[in-house]
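Enquirer: One letter stands for each residue in the lines below.
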Amino acid sequence: MNEFALLIAATLLAGTPLALAGLGLLINERAGVLNLGAEGMMLVAAVAGFAVALSTGSDLLAFAAGAAAGALLAAVFGLLVIWLNTNQYATGLALSLFGYGFSAFVGVGVVGKKLADRTAFEVPGLAQLPWLGDALFKQHPMVYATMAIAVGMAAFFYKSRTGLVLRAVGESPESAHALGYPVRRVRFLAVLAGGALCGVAGAFLSVVYAPLWVEGLTAGRGWIALALTTFATWRPIRLLLGAYLFGGVTMLQFQLQGMGVEVPSQWLAMLPYIATIVVLALISRNAAFIRINMPASLGKPFHPSH
Amino acid sequence: MPELMNPHRRQLSLAGLSALAATTLLLVGCGKKEVPAAPAAATAPASAPAAKPEPLKAAWVYVGPVGDAGWTYAHDQGRKAVEAEFGDKIKTTFVEKVPEGADAERVIRDLAAQGNKIIFATSFGFMEPMLKVAAEFPDVKFEHATGYKTAPNMRVYDARFYHDAYVSGILAGGMTKTNTIGFVGSFPIPEVLRNINAFTLGAQSVNPKVKTKVVWINTWFDPPKEGDAAQSLINGGADVLLQNTDSTAVLQAAEKNGKFAFGWDSDMSAIAPKAHLASNMVYWGPYYKKAVKEVMDGTWKGDTRTIWGKPEGANDVIKINEAVPEAIRKKAEEAAAAIKAGTRDPFDGPIVDSTGKERLAKDAKPDQAFKDKVDFYVKGVEGKIPAGK
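Line order of the protein sequences matches chains A and B.
Under our numbering, read the first sequence as residues 1158 to 1463, first letter to last.
Under our numbering, read the second sequence as residues 57 to 445, first letter to last.
Since the hints were derived computationally from the structure, they do not count as laboratory data.
Computed from a prediction, not measured in an experiment: that's the story for all the values here.
Honestly, I wouldn't trust all of these hints.
Claimed, not checked - Here chain A is said to cover these stretches of chain B; the calculated rule only asks that three of the stretch's residues, wherever they fall, bring their Cβ under 8 Å from a Cβ of chain A:
id	region
1	287-294
2	301-309
3	386-399
4	433-441
Every residue gets a Cβ at the ideal spot worked out from N, C-alpha and C, and that includes glycine.
With the rest of the complex left out, here is chain A:
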């Protein structure tokens, strides 16, 4: 039974970088900007965060460095896509490729280095609970912060004025512009915020999850986060759950292998992706459902001069 508790704990940990990156992309997409550069931003932030953690020993500074690196890269993307109206898909892909090479290049100096040992984190009191303690309350603070961010983002989108403006910009930038809202500035801020969150996800990977730096560390998690935003029909809480589902199935397949389950490991390795596809198919049975939820101007450039 305890194995199941440990599986839940592993799920929460594995889902966190996916959730953080996904939430960052969600802000982008809700404003109508599709940023395919998640992988690149995560990698550059991972190396930045790792380097800072190496020299200062502070998690917080590492996350801040990651957020800054992610935001910086996102700013370049934002400039190109929002003010120069370059194609969002192509620019995002270019960002991903650039991030991969650039992070490998600057990270050469910190490969193979080891971070200082960290004490295990526990929620005081609750961690001693017999089964729930192991399952839920022995996580790094960022895991809980991610849950808070998801809830906060939902509140921001649906209960606040600024969130409403952001969503309006995503749905119909022409109308928002006609009403006098600074569409491009809103989109740019959304891109920055999204980049910062992707950056925190990358730093989390290199400073807490692995914890080490080596090129290509994210191994495709940025792309998975992109899929998660569609999977979650652009709603933050659903995205969080989707990230846990994905992370959980990934950990489950290792658990099943360890238990000697006689399914070839290659099939088990496909499980997380199959699970994602199945849920996507179920959601898409109702095409109208997707259309209603998707930000209408996603991926389309906006020209205020029209």
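Please build the complex by placing chain B on the supplied structure of chain A, with the hints as guidance.
Expert: Coordinates of chain B only, in the frame set by chain A:
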């Protein structure tokens, strides 16, 4: 419409400049040292009149980054040993992070065209690409690690990692408290299966009750996945881990959980001082020096397969943890010495596989063919081998 022309043109030129900048940074940042990534840049060696003997040009092709502190790092150490030995009589090059497949063919061909007289390819998946290029460059010597196909100008070299795995198994069998040990595997090929089996046989030689759990991650290198796999093994009760994958992630996971693990391919004792039981080393330097010397002397012969292990100094288990009890340490050292002297082989009979079938009779000695075709788990390893390689 005139007023639209200007902004578009400005946008286009700005976009063009940034694309150019990005591409330049991309090419610079791709980390390929000394060999240009664009095929157009590679040219045939210049035929300058040589007054004194030109240094021999040798090249290495790596599947991973030199900084992996594991597989590729060990090969690069070997290359550096060659440089140290031959000084200015040799000029070495390497290309890292070459994916197995069509890209590898291009890289190997580039290296041959640039005048390298001997090329080492350090991963199984380079076998077919190298074979193809070998046919096109009969004057160049090709060496492939861990493969099995040869040609008149191509040969295979390998190391006996299972020598190390067996000795590590003894340490694991002595240190486990749960009688469950774990193995993080990359791909279910004979090389990895040999290591799993040797690990188990070694453990069982000091502790017959030991069981081995295996998790396959279907990649040689993915630190977060390696860590996840290690964690799931630990969650399943394993308290000593070994891996066949290329990073320090498994060792770090063991340290985090207060369990034991090993270094693989390089000395990982500094990464996890409490969890580290020993490091399984491979030394490619001696073989690389021999191969280069043969090319210089003109005695290099292709179509052969050379496998070195403990007896030749290619494999060794080092830095055994102080916490290991004296009795276990002695057993490990005895076994290592016997393997080194050639009197013991980890696969000496009797060998029974996990279905109960006898694979090798008692007192029988395994030959190379037996070891090449290991496609089974020995008794004590849980689960079934995933179908297909």
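Enquirer: It remains to establish, for every hint, whether it holds in the given structure.
Expert: Hints and how they fare:
no. : hint    : verdict
1   : 287-294 : holds (count 6)
2   : 301-309 : holds (count 4)
3   : 386-399 : violated (count 0)
4   : 433-441 : holds (count 3)
Going through the hint list in order, the structure does not satisfy hint 3, though it satisfies all others.
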